[in-house]
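Protein chains in written order, with our numbering: chain A, 1 to 318; chain B, 1 to 298.
Each hint should be verified, as a subset may be incorrect.
Claimed, not checked - A partial selection of chain B residues facing chain A, derived with a Cβ cut-off under 10 Å:
id : residue
1  : L113
2  : E184
3  : I269
Note that these hints are calculated values from the structure, not bench results. The structure displayed is predicted, hence computed values, not measured ones. Think of the CB as a built atom: it goes at the ideal place given N, C-alpha and C, for glycine as much as any other residue.
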Amino acid sequence: MMRATILKWLAAAMLAIVAGFGLPGWMLLPLSLALANALVVLGLVTIIRTGGVSFGQALYFAAGAYAAGQVSRLFNSADAFAAIALGGATGLVIAAILAPLLIRFRGIFFAMLTLAVSMVGYGFLLNAGWLGGSDGMSVPAPTYLGYAPQGVWVTRSQFFLCAALALAAGFGMMALFRSSFGLATLAIGQNEIRVEYLGGPIGTIMWIAFVIAGGLAGVGGAAVALIIGHVEPEWMFWTRSGEFVLTAIVSGSTSVVAVFVAALFMEALHMFATDMFPNMWRLALGLILLLIIFVAPDGLGSIRAFRRFTTKRLGPSP
Amino acid sequence: MEQVIAILIDGVIYASWLFVVAVGLTLIFGVMRIVNIAHGAIYAIGAYATATLVGLGLGDDAPPWLSLVLMVIAAASVAAIIGPFLERGVLRWFYGRDEMVLLLVTYAILYILDSLMLTVWGSSPYYVTAAYGVFDSVNIGSLSYVGYDFLLIAVALAVGVGLHVYLAYTSRGKLLTAVIHSAEISSAMGIRINRIYMGTFTLGVFLAALAGALTSPMISIQPGVGTNLIIISFAVIIIGGLGSVYGAAVGALIVGICRSAAVHIAPEIELFVIYMVMVAVLLVRPEGLFPPMRVRQI
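Isolated chain B, as found in the complex (with noise of 0.2 Å):
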């Protein structure tokens, strides 16, 4: 019985992580129909981003809440630059190109961020744990368990709920759905696509970042942090169906509460166990559990 709490509570804090690590990317795709390979690496940008501005901004006497706050402060100047200039420079000259070939784009993308980032940061280590100092540990049962880690769920709920009631109650969010619908149509009654596109990557950028800045204190910075986490939040995103956030919760919620599992009962399969998910997720429904509704074009 404990076991299977155990399970559960991990495997939702495990979910909750996915789900603001790949609500971006499934956000970006059902708008623009890009996959954005370099998610990862914009993730990894928000956690060095992060430790930089920890490093600078926070003395030794200053109080740990403040690295929250920096967090989302380094997740936004993130966005407000990598986002505008990647949309605007470089994504926005392949539109109207296969969904393949954006794919291979944001590739090249990937390929040039990492590269930067070497450059920056170096390849050692960074290490900000401050902000687990926040909080204290939760007993639930006999199991205890890092508060911080409750604040994830707290931020998933957060951005899921947001983005719920952003594209069903707002005049912005309907133009969104609009555009999702048909961005040619939604063109010619006036929405101003551009905006819409360079809006909502800029969006997806902050949510990768922030995931970025959200992780940091939990692990130590360096390179590749961002390369399994491509593979992982696509995972997600297409076992709950490419371009849906419910979806994209879903599959946070399977994949997280599969790991979980094999943490606690086959620790082997541990790595490999989220790709068996996915791939018994598509065999079964090849689209993903939410897909959206596409025409069949001759």
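For reference, chain A alone in the conformation it holds in the complex (with noise of 0.2 Å):
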């Protein structure tokens, strides 16, 4: 067991480490958003595994853009690592501040409860003159230690950076979803009232769920705003969080792989989509959407390649 999962964390790492010499910048840029909104994803899915589904993670994911960009401020320089720091630490302090009120809700209320949250915080932005308004503020780019990027290694270190990260958040998730916890929270999304009557603690389990969720979001925003260079409130609307929620059920909630995957794949599709039909994207996004909710309603990861690389069965699906 151990050493299979040592064998795939070299896997993936060699494969990292071949992508970002071998691939050219105009890809590697793609590549690294995807993996920065999948670490997003991820803490989404670790929510939508205790049955919820929250439609706010865009707040988080601001936060931490928005923090990742105080960092020149504070500390005079451009640090990636202070950068995505700070950025998860303020998406996770958030959350655990939110999420006592928020975890008390169920299905469709917390759905848009957690949305009202992010629009109340998005609010907030537009009137926040010191965070550059309505026009948002720049991201100076990034610093590794000291270490400042030239030419194509602008975009190379970036990935890197996001392939780090995303190996491990990624191991780390695999890790946590096999734990007893990471089992507790399918239990509750299952059967609520029933862990509550073995004794489990749904509060403390639900309430940890979504302080990590908001912690990736944060580092997965850090990230993107290193990328992108630059963070307005527009990334804290409903929309984007709805984009998160698209790649949760495109990925479903089983496996850490499949998240990866979904992320790569709706970045592809935005890519190509919006190049060749920029009106007709959406409508295809739709359908896939309605197709896989139809066939395959908990995503790529119940689809029977994933569940090999992933948690064994967990007994027949209700």
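Assemble the dimeric complex from its two separately framed chains, guided by the hints.
The structure is reproduced here in structure tokens:
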């Protein structure tokens, strides 16, 4: 078990290194974005495992992005690691504060309340002059512990940063999903009251899941901010949360690998379809989503090929 | 004093608009347990259809009141085309799934409708202001109002009273109430649920399209008009309690008056006062003010 995990980890790391050196810059950029978005979706999937779908992950995502933008003001240097750390911490702290309020709700109410809270944040950003108001603010090009990349290395180092984050988060979450905590989240998602009667600490588990999701969204937001070099209030708008939900639905909540595949797929679809049919790509996306909900309601992760990679089957599905 | 009156009148006008926008949503949820995220897109289609019809059917010398008639025709044709198609063609394949799954299905529909709208109407804005000319402006004290705004109040009252009479006094309304309480048993009793679902969904679509048509003279119709709206109407019906028509009316009044108070007193919080009201209400009453009864299932 342990050896297999290490082997997979090494294989994935090798793949990332080969991709980083082999692929041209125009492909590395969307790949980095996809990996950063995958972090957010990974967090969202953790919440979805407990049975709720948060329509407000853009709040923590954008908070992380703004925090990354503040790093250069605070520390007089735009260090990527400081930006990521501060972004993650910001998402984490905001989620930890809001979680007790939000996790009391279920189903549609949870979805709508998370959404409403993120829209309050959006309104705040529009009015926050020190954060640039509706124009947002620019995020200076990051340095890496003093190393300032030039030319193609700008994109390349961004990609390596995102790949490293994705590897760490991916394997961390894989272990977490398999742990008793991860199984408890699934149990809550399937039947919360039974878990309650068995003495499971539902509130604590949901709080932890929500906080993990907030932290991952913050890290993802910080990474995207470093890549784009700019952050604006639209990043906290509910449609952004909706895009994360879409990706999570495509991936499903059973497999970590599926999350990355779904994020890459969505980024690729976005890239090619906006180029070729700017009006129709949302149509294609909508149809794909309908198809997935109809054919594989648990997402890509429920397809057999993915299951081999991930968790053992957990008994008959309901 | 004058400010209080201004806040109240503005609030009631805004609340009327909110009610027409939100009541279709709450109706669909009450009967079918579907939170229809595509509601905002249908609203936008209603506005676009009005713009097209008015552009086609109204020459420069035509009387302005004709545009009011065209609004209703536009809304009705949007409902007649989209309603049955979406319900029979898409939604019914997902009945019996979790409420959250149906929400995501309508989210996919939102993407599809948005994209189709962009293809049909393009991204440049449309303006249809003819309907404003039908009514004179109204003076209350020293305040002057556009007469058209009071049409909104009339429409909201008509929709509210009409729905109340339909649900409480007609036999078809009673059938609907039976379906709301238990679709399964109603079906066992011989009520044609399919037909009721289709009718209800189409009625909800009609109300959304009507709201869009009514709003068309007040805005520039362009992509994205429905995006904010869906969230605002969710706020309204969640405050009132999902699925309750009367709750939607109360929610609309609360939100309308809070927003107009914000506009008059503290304009900088106007954008998010609606969400703050929603969060505040849900903190005190997690299921809204008038929640339907539910059984806790194990």
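Structure-based check of each hint:
1. L113: holds (8 Å)
2. E184: violated (19 Å)
3. I269: holds (7 Å)
Hint 2 from the earlier list is the only one contradicted by this structure; the remaining hints agree with it.
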